[in-house]
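Below are the chains, spelled out letter by letter.
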Amino acid sequence: MIRDRCKNLSFIAHRENDMRELEYPFDGEEILKKSKKIKRALLEERTDFLEKRIAVLGGSTTHDIIRILELFLLDQGIRPVFYESEYAQYWQDVMFDNPLLVEFAPDLIFIHTSNRNVTAYPDMQDTEARVEELLSEQYEHFQVMWEKIADTYHCPVIQNNFEYPFYRLLGNQEAVYLQGRIRFLNRLNEKFYQYAREHENFYIHDLHYLSASYGLDKWADPLYWHMYKYACCMQAIPAFAYNLSNVIKAVFGKNKKALVLDLDNTLWGGVVGDDGPENLEIGQETPMGQVYSEFQGYLKSQKEIGVMLTVNSKNEYDNAIAGLNHPEGTLKPEDFVIVKANWEPKSSNINAIAQELNILLDSLVFVDDNPAEREIVRAQAPGVKAPEIGTPEQYIRVLDHGGFFEVTTLSEDDRKRNEMYRANQERSRQQERFADYHEYLLSLEMQGTIRPFEAVYMARIAQLTNKSNQFNLTTRRYTQSDIEAFAANQGYITLYGKLADKFGDNGVVSVVIGRVGSMEDVAVYRQGERPAPVSDGDVLHLELWLMSCRVLKRDMEYAMMDSVVEAALDRGVKTIMGYYYPTAKNAMVKEFYRDMGFEKTEETDMGVTIWRFVIPENYSKKNTVIAVNGKGESNEQGRSI
Amino acid sequence: MSREEVFEKLNEVFRDVFDDEEITVTDATTADDIEEWDSLEHINLLAAVEQEFGMKFNMGQVVSMKNVGEMADIILAQIG
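Each protein sequence line maps, in turn, to chains A and B.
Note that our numbering has the first sequence beginning at 1, numbered continuously upward.
Note that our numbering has the second sequence beginning at 1, numbered continuously upward.
So that you can see chain A by itself, here it is in the shape it has in the complex (with noise of 0.2 Å):
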């Protein structure tokens, strides 16, 4: 028996081992040699992969890099389909008809061009307007490819910049003068940046600075351009297409969400417990205090940027509070959402991090100096990533290129998610005060904006869409191009869901899509698939539903349930069909339609469940705690507690 549990152990962290290859910091040269095997140990590891239809358009070989990227995106949980357009046709392959990538339909477009494809540099002889000119259309080349994508293929594009040449012929005052390529390049890159500032859905891939991190002349070893033409060396593809498998994995809404940080040796020199908070090692008098104060300023501005940040420690609570109250420390205890100190394991400790802020293990990565602890909990806490940080002075530096939280657009709602994890804690102490639930609901003095899809919020229910995964009845992933499109169209009915309440904004937590349609759907619905749109019909299909774990208990899902009958009955719609299609991950939701009145109408051998609700004449409605789009639907009574 005890034989058999240890063999299990160590079949797990084998396992892990084998993913591990391609964590940062990884060997990228054995990654090159093995990618095979490696491939055929990631297909047979798991089968949850979301797929999608990439397409590679390259001004360069692409051969390797998307061999490469194809591991990493596995590795993040992503299937890819590649299209690769043909030698150096990248822009032929947007600008003229291209039936094979229209057919093809890729959710995002990469393109791939370097300093290789750059063929306006300006002379020496040039003038300044002259110079203007070149850069005008060299940048004109480039923008009017965007905007055919823009028009023909409606999804995200990532778009290399431009790595500095291998040689400058002005030496050091290339930048300076005005016929310098470096300086062309600065530009160049600028009206790029200018245009991804201006464009959703746009998004920079920074070749520019992961060649200088790499070395830009073992970068721009020239002998992969005359050789192969690759636009950098054979050994910088790995690097290259993890940092790609980071912006890529960002888009599709798998960024990690939060930080589980240990304290002693890892925050600050030193053990609180035996040394005395007064003893640590943080702040400017010793080299080492510097290095712990700049990863905590690293932190902290993690911290201002959406990632939350919790404690998980082992130390007496009061010993871990007294550290982080060090007067030299840049992190506060309130800078955390969730302080976890005692003497559990660390793995039980993450699990229950995991499970008060409402979010799944893979969404986190622990930090911890100790080996051992990262070991355990990779093992028990499967999906955390726990980096081989290394040493102090390498902690921020293998923490920022493992991309765990790579930044696509800064929402408001990123910015404000530490703020709105501490009013849920607000949120739960009130609730210990309360006998009566009800009571307590009416307390939060909750007020829901439920309005068909409006453009400001177009980016934030896409990511919606990619990252709601348990109360998330069919788990439909949706580029914002997608939305926009649905929003446009007559034969859909969409409604999106904002909570606020005395405790601060949870921003949109509720996203429903409805499809007008007839009876005879259901056939197409069964198989998961969806009709065409039409433009009427008297049943609705509700296509997508999906709530903000963030949100659970509140009854925001009565509100749009309303929401959605009132829509209905807009429509003249008098029939509504559910769908419930199972994933690994959203049994919260199985049984959600008869909780909201529907009657099941049949299941399938794949466990998918078809729900029917009549509306009837006299629909009294569900929520009875929140005031919806300024109408005081909410008790009045209960508001005065």
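If you're looking for bench data, these hints aren't it; they were derived computationally from the structure.
Since this is a predicted model, take the numbers as computed values, not measurements.
In this text, a Cβ means the ideal position worked out from N, Cα and C, and glycines have one as well.
Estimated spans, in silico, between C-beta atoms of each pair:
{"hint": "1", "chain 1": "B", "residue 1": "Leu-40", "chain 2": "A", "residue 2": "Ala-41", "range": "20 to 26 Å"}
{"hint": "2", "chain 1": "A", "residue 1": "Glu-393", "chain 2": "B", "residue 2": "Leu-40", "range": "35 to 41 Å"}
{"hint": "3", "chain 1": "B", "residue 1": "Thr-30", "chain 2": "A", "residue 2": "Gln-394", "range": "43 to 49 Å"}
{"hint": "4", "chain 1": "A", "residue 1": "Glu-388", "chain 2": "B", "residue 2": "Lys-9", "range": "25 to 31 Å"}
{"hint": "5", "chain 1": "B", "residue 1": "Lys-56", "chain 2": "A", "residue 2": "Arg-197", "range": "40 to 46 Å"}
{"hint": "6", "chain 1": "A", "residue 1": "Leu-216", "chain 2": "B", "residue 2": "Thr-30", "range": "34 to 40 Å"}
{"hint": "7", "chain 1": "A", "residue 1": "Leu-170", "chain 2": "B", "residue 2": "Thr-30", "range": "43 to 49 Å"}
{"hint": "8", "chain 1": "A", "residue 1": "Glu-133", "chain 2": "B", "residue 2": "Thr-30", "range": "49 to 55 Å"}
{"hint": "9", "chain 1": "B", "residue 1": "Leu-40", "chain 2": "A", "residue 2": "Ile-305", "range": "38 to 44 Å"}
Once the Cα atoms are required to be at most 30 Å apart in a straight line, the calculated DSBU-like pairs of lysine-lysine come out as:
{"hint": "10", "chain 1": "A", "residue 1": "Lys-37", "chain 2": "B", "residue 2": "Lys-56"}
{"hint": "11", "chain 1": "B", "residue 1": "Lys-9", "chain 2": "A", "residue 2": "Lys-37"}
{"hint": "12", "chain 1": "A", "residue 1": "Lys-218", "chain 2": "B", "residue 2": "Lys-56"}
{"hint": "13", "chain 1": "B", "residue 1": "Lys-9", "chain 2": "A", "residue 2": "Lys-218"}
{"hint": "14", "chain 1": "A", "residue 1": "Lys-300", "chain 2": "A", "residue 2": "Lys-416"}
{"hint": "15", "chain 1": "A", "residue 1": "Lys-498", "chain 2": "A", "residue 2": "Lys-621"}
{"hint": "16", "chain 1": "A", "residue 1": "Lys-39", "chain 2": "B", "residue 2": "Lys-56"}
{"hint": "17", "chain 1": "A", "residue 1": "Lys-229", "chain 2": "B", "residue 2": "Lys-66"}
{"hint": "18", "chain 1": "A", "residue 1": "Lys-502", "chain 2": "A", "residue 2": "Lys-300"}
Dock chain B against the given chain A, drawing on the hints supplied.
Only chain B this time, still in chain A's reference frame:
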């Protein structure tokens, strides 16, 4: 390193790159003898050989190399 040792290591590299434990290379082995060894895999193969022996092929060598025997000669000349 002896020529035999170089070939032993080359066998390992070839097996990793082509994911085939059966491969054994000789002096006369060329791309025609290994089905998956095309011009694209060739780049990956050279990078893996360079990594294994801690050396670099220059462009002239890459262009002129005719078979695995010549590859071994270059490796031996460089690593001594």
